[in-house]
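For any residue, its number in our numbering is found by taking its place in the sequence shown, counting from 1, and adding 133.
Hints should not be assumed to be uniformly reliable.
The following label-pair restraints were derived from C-beta to C-beta distances [stated by the list, open to error]:
{"id": "1", "residue 1": "A468", "residue 2": "E716", "range": "28 to 34 Å"}
{"id": "2", "residue 1": "G748", "residue 2": "K628", "range": "49 to 55 Å"}
{"id": "3", "residue 1": "D680", "residue 2": "G343", "range": "34 to 40 Å"}
{"id": "4", "residue 1": "R717", "residue 2": "K162", "range": "44 to 50 Å"}
As a list, the in silico BS3-like pairs of lysine-lysine whose alpha-carbon atoms are at most 30 Å apart [unchecked claim]:
{"id": "5", "residue 1": "K784", "residue 2": "K761"}
{"id": "6", "residue 1": "K560", "residue 2": "K513"}
{"id": "7", "residue 1": "K628", "residue 2": "K363"}
{"id": "8", "residue 1": "K326", "residue 2": "K409"}
{"id": "9", "residue 1": "K206", "residue 2": "K235"}
{"id": "10", "residue 1": "K363", "residue 2": "K162"}
{"id": "11", "residue 1": "K363", "residue 2": "K676"}
{"id": "12", "residue 1": "K676", "residue 2": "K751"}
{"id": "13", "residue 1": "K361", "residue 2": "K409"}
{"id": "14", "residue 1": "K761", "residue 2": "K323"}
{"id": "15", "residue 1": "K409", "residue 2": "K323"}
{"id": "16", "residue 1": "K678", "residue 2": "K623"}
{"id": "17", "residue 1": "K323", "residue 2": "K278"}
{"id": "18", "residue 1": "K623", "residue 2": "K560"}
{"id": "19", "residue 1": "K206", "residue 2": "K173"}
{"id": "20", "residue 1": "K214", "residue 2": "K162"}
{"id": "21", "residue 1": "K560", "residue 2": "K522"}
{"id": "22", "residue 1": "K162", "residue 2": "K784"}
{"id": "23", "residue 1": "K513", "residue 2": "K409"}
{"id": "24", "residue 1": "K689", "residue 2": "K199"}
{"id": "25", "residue 1": "K676", "residue 2": "K162"}
{"id": "26", "residue 1": "K278", "residue 2": "K326"}
{"id": "27", "residue 1": "K513", "residue 2": "K761"}
{"id": "28", "residue 1": "K409", "residue 2": "K469"}
{"id": "29", "residue 1": "K628", "residue 2": "K560"}
{"id": "30", "residue 1": "K235", "residue 2": "K162"}
{"id": "31", "residue 1": "K406", "residue 2": "K361"}
{"id": "32", "residue 1": "K628", "residue 2": "K326"}
{"id": "33", "residue 1": "K323", "residue 2": "K689"}
{"id": "34", "residue 1": "K326", "residue 2": "K363"}
{"id": "35", "residue 1": "K406", "residue 2": "K784"}
Simulated from the structure, these hints should not be mistaken for laboratory data.
Built from N, CA and C at the ideal position, the CB exists for glycine as well.
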Amino acid sequence: MRQWWRFVLSAALAVALLARPAEALINPKLQPRMLFEMSKNVLLCRVSEVDGNSLTITLSVRQEAKGDFAPRKLALKAAQKELLQAVLSVQAGQDIVAFAGKDRKTDARRDVLYYVGGGKWFRARLSGDDTPDRWDLLADADEGKEATSADIMYGVFNGSVQNLWAMMQDAAAGRAYFPARPFERFIARKIDKMDRPLRGVALFDVNADGRLDVLVCGDGGVRLYIQKDKDAFEDRTAAFGLDGIAAKSCSLADADGDGTADLLLDGVLYLQKVGKFVRTDLVPGQASVKSAALVEIDGDGRPDVVVSRAGAGLAVYRNTFGDEPAGRQFADLTAKLGLDRPQNGAGGDGYFEPGDWNGDGRTDLLYLSGAGYLLLAGDKGFRATRLGKEGEECRFGAAAMAPIVHPDRNAAFIALAESKMLLEADKDGPTDVTRFGNEIQDDVSGMLSAVAEDLNADGTIDIYAAGSTRGSTGFYCMNRGYGSFMLCEKYNSGKVIPPEVYNQPAWGLAAGDVNGDGANDLAVTGLDGTLWLLVNQTLADRKDKPDLSAPLDQRKQIQTRLLTVRVEGRTGVVGCRVRLSDERGRLVGARQLGGNVAVGCCGPHQATLAAREPGAHKLAVLFADGAKLEMPVSLQADQPRHQTIVVSRQKAR
Numbered sequence: 134m135r136q137w138w139r140f141v142l143s144a145a146l147a148v149a150l151l152a153r154p155a156e157a158l159i160n161p162k163l164q165p166r167m168l169f170e171m172s173k174n175v176l177l178c179r180v181s182e183v184d185g186n187s188l189t190i191t192l193s194v195r196q197e198a199k200g201d202f203a204p205r206k207l208a209l210k211a212a213q214k215e216l217l218q219a220v221l222s223v224q225a226g227q228d229i230v231a232f233a234g235k236d237r238k239t240d241a242r243r244d245v246l247y248y249v250g251g252g253k254w255f256r257a258r259l260s261g262d263d264t265p266d267r268w269d270l271l272a273d274a275d276e277g278k279e280a281t282s283a284d285i286m287y288g289v290f291n292g293s294v295q296n297l298w299a300m301m302q303d304a305a306a307g308r309a310y311f312p313a314r315p316f317e318r319f320i321a322r323k324i325d326k327m328d329r330p331l332r333g334v335a336l337f338d339v340n341a342d343g344r345l346d347v348l349v350c351g352d353g354g355v356r357l358y359i360q361k362d363k364d365a366f367e368d369r370t371a372a373f374g375l376d377g378i379a380a381k382s383c384s385l386a387d388a389d390g391d392g393t394a395d396l397l398l399d400g401v402l403y404l405q406k407v408g409k410f411v412r413t414d415l416v417p418g419q420a421s422v423k424s425a426a427l428v429e430i431d432g433d434g435r436p437d438v439v440v441s442r443a444g445a446g447l448a449v450y451r452n453t454f455g456d457e458p459a460g461r462q463f464a465d466l467t468a469k470l471g472l473d474r475p476q477n478g479a480g481g482d483g484y485f486e487p488g489d490w491n492g493d494g495r496t497d498l499l500y501l502s503g504a505g506y507l508l509l510a511g512d513k514g515f516r517a518t519r520l521g522k523e524g525e526e527c528r529f530g531a532a533a534m535a536p537i538v539h540p541d542r543n544a545a546f547i548a549l550a551e552s553k554m555l556l557e558a559d560k561d562g563p564t565d566v567t568r569f570g571n572e573i574q575d576d577v578s579g580m581l582s583a584v585a586e587d588l589n590a591d592g593t594i595d596i597y598a599a600g601s602t603r604g605s606t607g608f609y610c611m612n613r614g615y616g617s618f619m620l621c622e623k624y625n626s627g628k629v630i631p632p633e634v635y636n637q638p639a640w641g642l643a644a645g646d647v648n649g650d651g652a653n654d655l656a657v658t659g660l661d662g663t664l665w666l667l668v669n670q671t672l673a674d675r676k677d678k679p680d681l682s683a684p685l686d687q688r689k690q691i692q693t694r695l696l697t698v699r700v701e702g703r704t705g706v707v708g709c710r711v712r713l714s715d716e717r718g719r720l721v722g723a724r725q726l727g728g729n730v731a732v733g734c735c736g737p738h739q740a741t742l743a744a745r746e747p748g749a750h751k752l753a754v755l756f757a758d759g760a761k762l763e764m765p766v767s768l769q770a771d772q773p774r775h776q777t778i779v780v781s782r783q784k785a786r
């Protein structure tokens, strides 16, 4: 396994030297969809041969997204030796996307623009009207241009060739969506201010009234705020029996199967009985807890306990409620799962994030200690894939795992003390896709916690990371789709996330739709003791109908229909997978409940999915114990923008 943080540095250097500076701004006046509309032919070509002596690239046409292009073999030839590097910018076996000929009756009908990946665009020209299979290579499309130029191609697209081609196919089908301007907005609401630093935070329906509440923990104790009215909270700490308890980490789920939410604080389980949390000794005592969470590990549908111990690695305790004769105790599975072995991170010191990394239905763990471990669940316990070289140490923060790049596979955003990383699952293991992510490459430092969720109600999963050191800021990346991200503060500084939150050191993050409007809000715990709620105003700003002059992306946002799926049940909820498909079976959104645990945080047992193309859809809910529920869902353009469905485990089969 490569030393991936070194790889990122070398990749960033390559981009700086061979493409355009990473600080190049996104150009909203020239985007890939516009190239599609202007071009006569849009082609996916594969490089068959590269001949540096004759300065010739041989291409085969694999697919067409637009046009009727007859040749299947192409010769792309450079006339000057000065273009040798342009010829050598590709290698045999790789793909390129080509825009051949302008769709107009001018001399531009012979123009060719092609993309090789990594932000590199080149201009070429058909040799003649009667020789469409012979192209003359002219120049690097960005040669001699300043990074801030409105004509720079690096700001058009700098992701992977495969993602650009997926966009071209969507453009042909009329469903392409690639916003080039930020459009989200949050307002800051201070819930409380304490005199000591705050740590973990949860957005969860504690009292089962259908509204999300806020629970926070820290050096000064635990506080529970019950939502009594829309965005109005009441401190009910004492009423729920939580006075005088200090903790860094919090997690909520129904642990004992009685239908009420129970609470895990630093590995200590509190059962909710008649509206009060009662401390138990059911989970073996822990020393030096970094974080702990209720996570479904063994597939029986009952939430187990995962604990990260400072200097002692991970521990897992199986939930035995309902078992005979075990009864109510949590059984230690640490050794059985192989977490007592050095190759699986034993003796480590880091945060963890649960999720089904490889799509096999089991819960895997990303453990950010030492060089980093991806712990894949199997029949004989966890099997580790190291993210870095054995013996090396990396200064990790936390991670967030979700289908960030593609809806059918997981990715992980990893916060590092001096950088960040976006890894995606593929057949070869964790693949670094940071360098393909546009402004996710921008410099950042001091991050600790991170959350991955759709924060602007457009169907793609955005990333928010909190800066935890003095002088650091937040890091909000809007997901534009196709693996590309926009750092919104570069364009709307202070207008997306209020500066009093974005520019202050924070610890915990939790995402959930607090006011029920269909847009996820954010709870943020400040190291100065302030508990903030970032109330999402994105849908409040969104029009009901588009103006005649509204650009395509804005029209897509307005027509988007939102579905909140609230999952209820005494088993199988933690780790439950929620999937939304269109009438053709195309997956448009997916979530797994129980993630985003960050540095000891917790989100709700609900997910909001977005359908940018209104119509008939199918909802599939796969519970953690294997039970499944499928149902049709109507998300038509003439229906309300936001709907909520309550899915019960009792109705699943």
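Here's how the hints hold up against the structure:
1. A468 to E716: 28 to 34 Å: The hinted range 28 to 34 Å is violated for A468 and E716, with Cβ atoms some 49 Å apart.
2. G748 to K628: 49 to 55 Å: Since the Cβ atoms of G748 and K628 sit about 34 Å apart, the hinted range of 49 to 55 Å is violated.
3. D680 to G343: 34 to 40 Å: 36 Å, holds
4. R717 to K162: 44 to 50 Å: 33 Å, violated
5. K784 to K761: 9 Å, holds
6. K560 to K513: 21 Å, holds
7. K628 to K363: 23 Å, holds
8. K326 to K409: Within the cut-off at roughly 24 Å; holds.
9. K206 to K235: 20 Å, holds
10. K363 to K162: Violated: K363 and K162 sit about 40 Å apart, past 30 Å.
11. K363 to K676: 22 Å, holds
12. K676 to K751: Holds, at roughly 27 Å.
13. K361 to K409: 18 Å, holds
14. K761 to K323: Violated, at roughly 40 Å.
15. K409 to K323: Measuring from Cα to Cα gives roughly 26 Å; hence the hint holds.
16. K678 to K623: 28 Å, holds
17. K323 to K278: 46 Å, violated
18. K623 to K560: 35 Å, violated
19. K206 to K173: 18 Å, holds
20. K214 to K162: Not OK: K214 and K162 at ~34 Å, beyond 30 Å, violated.
21. K560 to K522: The given pair, whose Cα atoms are some 20 Å apart, holds under the 30 Å limit.
22. K162 to K784: It is violated: about 50 Å lies between the C-alpha atoms, which goes past 30 Å.
23. K513 to K409: Roughly 39 Å separates the two Cα atoms, so the pair is violated.
24. K689 to K199: Within the cut-off at roughly 22 Å; holds.
25. K676 to K162: Holds. K676 to K162 sits at ~22 Å (cutoff 30 Å).
26. K278 to K326: 50 Å, violated
27. K513 to K761: Judged against 30 Å, a Cα distance of about 26 Å means the pair holds.
28. K409 to K469: Distance ~34 Å between K409 and K469 Cα, so the pair is violated.
29. K628 to K560: Violated. K628 to K560 sits at ~40 Å, over the 30 Å cutoff.
30. K235 to K162: 17 Å, holds
31. K406 to K361: Status holds; Cα separation ~21 Å.
32. K628 to K326: 24 Å, holds
33. K323 to K689: This hinted pair is violated, its Cα atoms lying about 33 Å apart.
34. K326 to K363: Answer holds: K326 to K363 is near 20 Å, not above 30 Å.
35. K406 to K784: Holds: K406 and K784 sit about 26 Å apart, inside 30 Å.
This entry does not satisfy hints 1, 2, 4, 10, 14, 17, 18, 20, 22, 23, 26, 28, 29, 33, going by the numbered hints stated previously.
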